[in-house]
Amino acid sequence: MLITINGQGTEVALDPRTSLLDLLREHLELHGTKKGCDQGACGACTVLADGERILSCMALAVQYEGRSISTVEGLAHGGALHPLQQAFIDHDGFQCGYCTPGQLCSAIGMAAEIARGVPSAVTADLAAGTISPSRDELRERMSGNLCRCGAHNGIIDAITEIYTAEAAE
Amino acid sequence: MTTIRDAAQKVMQTAIGLAPERWLPGGTPDPLIGRHGAIGSSVPRVDGPRKVRGEAPFAAEIPAGNMTYAALVFSTIARGHIATLDTDAAQTAPGVVLVMTYRNAPRMAPPAVFLSDPRAAGASSLPVMQDDAIHWNGEPVAVILAETQEQADHAATLVHVTYTRETASTSFEHAATHAHRPDNVLGEPAVIEIGNAEAALAEAAHKIDRTYHTPRYSHAAIEPHAATVWWEADGRLVVHDATQMLNGTRWTLAGIFGLKEEQVRILSPFVGGGFGGKALWNHQILAIAASRLSGRPVRIALSREGVFRVSGGRTTTRQRVALGARADGTLSALIHTGTAAMTAYNNCPEQFSFPARHLYAAGSFKLEQKVADIDMVANTFMRAPGESVGTFALESAIDELAADMGLDPIDLRRRIEPVKDPTSGHSFSARHLLDAYARGAERFGWSARSPTPRARREGEWLVGMGVATATYPYYRMPGGTARITLTRAGHACVAMASHEMGMGTATVQVQATADRLGLPIDHVTFAYGDTALPPGTIAGGSSQTASIAATVTAASEKLVSALLKLVGNDSPLAGLRAGDVEARDGGLGHRTIPDRFESYVSILSRANREEVSAEAEAPMPLEVQKYAMHSYGAQFCEVRVSTVTGETRVSRFLGSFDTGRILNPRTAASQFRGGIIMGLGLALTEETLFDERTGRIINASLAEYHMPVHLDVPEIDVIWTDSPDPRAPLGAHGIGEIGITGVGAAVANAIYNATGRRIRDLPITLDKLL
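Line by line, the protein sequences are chains G and V.
Residue numbers for the first sequence follow the working numbering, beginning at 66 and rising by one.
Residue numbers for the second sequence follow the working numbering, beginning at 1051 and rising by one.
Quick caveat, the hints were computed from the structure, so don't treat them as lab data.
For glycine and all other residues, C-beta sits at the position ideal for the given N, C-alpha and C.
One thing to keep in mind: the hints can contain errors.
To be verified - On the chain V side, residues computed to face chain G include the following (Cβ under 10 Å):
1) P1099
2) G1115
3) D1203
4) H1269
5) E1273
6) R1354
7) E1418
8) Q1721
9) D1762
Here chain G stands alone, though its shape is the one from the complex (with noise of 0.2 Å):
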């Protein structure tokens, strides 16, 4: 089947219980997308498919036939770091460094949940045409993707700057 990663068109053949995960990890020696729990609890393994963050452990890779993943080895621009990379060294929005694609994956995908008004548990008027990313709906929508090491406030402060400039433009 063909597949397109991080803008590349991709043919491969499978095992049809292959995960997305696995196909990226295994098959494709694209390491970036970490298997923290292999169930669909930690968000490690977060990546974004036409653009809509997914868990690529809960996802068959059959099933992505012919749609488009980026994982974080697409987030640079060769040697230019994507701003929310560069955001997390400036916020120290990492530790150990394992959770820290899928944080990176999720928070592009959930910027633009945002941006299109999905609303969350923790938004006040679901009315509003407009949803303001604050820090309580950054860290609502966050909640998916563990840290163990702590690196909550650093990895908020980090979306918070790309994000919130953004819808301040």
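Following the hints, position chain V against chain G.
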């Protein structure tokens, strides 16, 4: 275990004659203590770009040709024997390369359990898959190797095992009735009695006598334990591991497989969270054995369930704290006793009585630890083992006494501040706990707290504030060796088999080495994570920063001597001795004559050398023999407790720390916050549920083991005294563990202030407050 203590003391005595004066009482402090250079700067992590790009390779990501993938089958009983073991279906399943059970596993010596030898790293001394005996519910009974992970996982479901059950010890209450004193608690006595504390308690004007319970906890690092292993054609073993003890793993594996140490290489440059859990468990040993049988490389990446089955966490404790106070608020009696669950095969008694040995002055003490033997996966060290749960009990009791006496809890701590270490009598090397309290109280707005519970209500929410002391010992481990190589271009590389699990090891050591050698930080690199390098010390006990710094200091002294041997007669340094010079501005210079200076580039160029290298071992940590060396902190917490649901929300948190010099404010703040957040989980949500009927862990997943998530974590404020400890290298203490200490009590005390309810049983879940 007395042999360990005896051996350790013998080593210490031998070393006293060899130690540099700096680390001994009266010696000169590290000259870098007061200098502001790279040290003290918020340098971003040197491995940051690789981590945010997803390019940092972890143990399960190391490529190998002809790889096989491992899956484990776990026992479903806690004690007994395998009765029947049917592997036929698994053997013939598609892609299966090997099924290994006790019947065909190679003969292996039992692991040397941690602390049985300074080099030992085994989590347990139990033999690994050598017979049909079962020792815990979840013990691996079969290993499948297959061409893909999917094939291995499927074949594992086809192994059919039946068991002959034997009576297992799985009830803590029952086992506690036979609790016994361990020979020692990490080399310290299991019992300390000073005076007659029970009698003093009985006569005390004010007294508190309470029992506290803490549950099992899991490290739950986001990276599951994993290893990629293979045997070279010449019989050497290569293990890409996720470990906090590289050299210990090497020595212990060599013993298990009958190899020489130099035949084993362990690599672990990136570890996806450790917290004490990334040690030598059965999975690496089984993968290596299976690789030997199959002749192929093996990748073993534990499933999340496998992490809970194969690697242990923090054990459960039951603790009694009794305080007797005089009318003036001083203590006449301090009693802290209790029992922790442990196995008969490991040595990790969860040293919960350690804080009470060093924190407060009292007229009499009774401190005692016992262990209850349980058939379970070996418990182990988890972030501030002992101090985390010990401070929950002790600091809750202090708060109870303060409330009972009508004293502010910070004021009570002022009245019981000791002049010297209360149980050893040693002088403190540095202790600014009350300063940390004062700074924290001011910044947190402690004066706004009402001493009366339930005084502040906002709608359905009761709001309260609590405080507790944080404490953790200073440790420095002997046995490390550092090599510094200085090139003609003026670049230095430090090499030592050290560990980076996210603490910022490489970053901070680059900073320290830069200042030590007078180089800019971009001229310094730190090579670590590989036993091919000079041996490092463990990443445990918050010891690594001080351990490496002392080793690099020793190596830098040798390097200076080596450089002085290279200078010629026409050098401005000609005739100078090591004691005359200091490293500065990219070279060496006379301490008091500014123009007697020559750059490293010039020294090496003149001598026509491409590089010069020096290697040295750290001196023994004699400073801890003479001084009471500890870190401190004051943890301030504000909670909101719903009167409708009973849920607790932490609305504000401040940690005010006294941990010596802070080397990198950016990474230090992250370490403190990380500890505090794990403490919030300890206090409110986390518990490894152990089914006492079967000995099986019930919630072996991250969906059921509830660590704090983003919405549970408020903005956490951290401040520090930054007062250097004159007895420590760089004036610094390790800070990886202190953050979690005191948090349980700070939260519980805040909940009391909010609700009037004392919860003495962690975690403080909703049901306990309804």
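Numbers of unmet hints, in rising order
2 and 7
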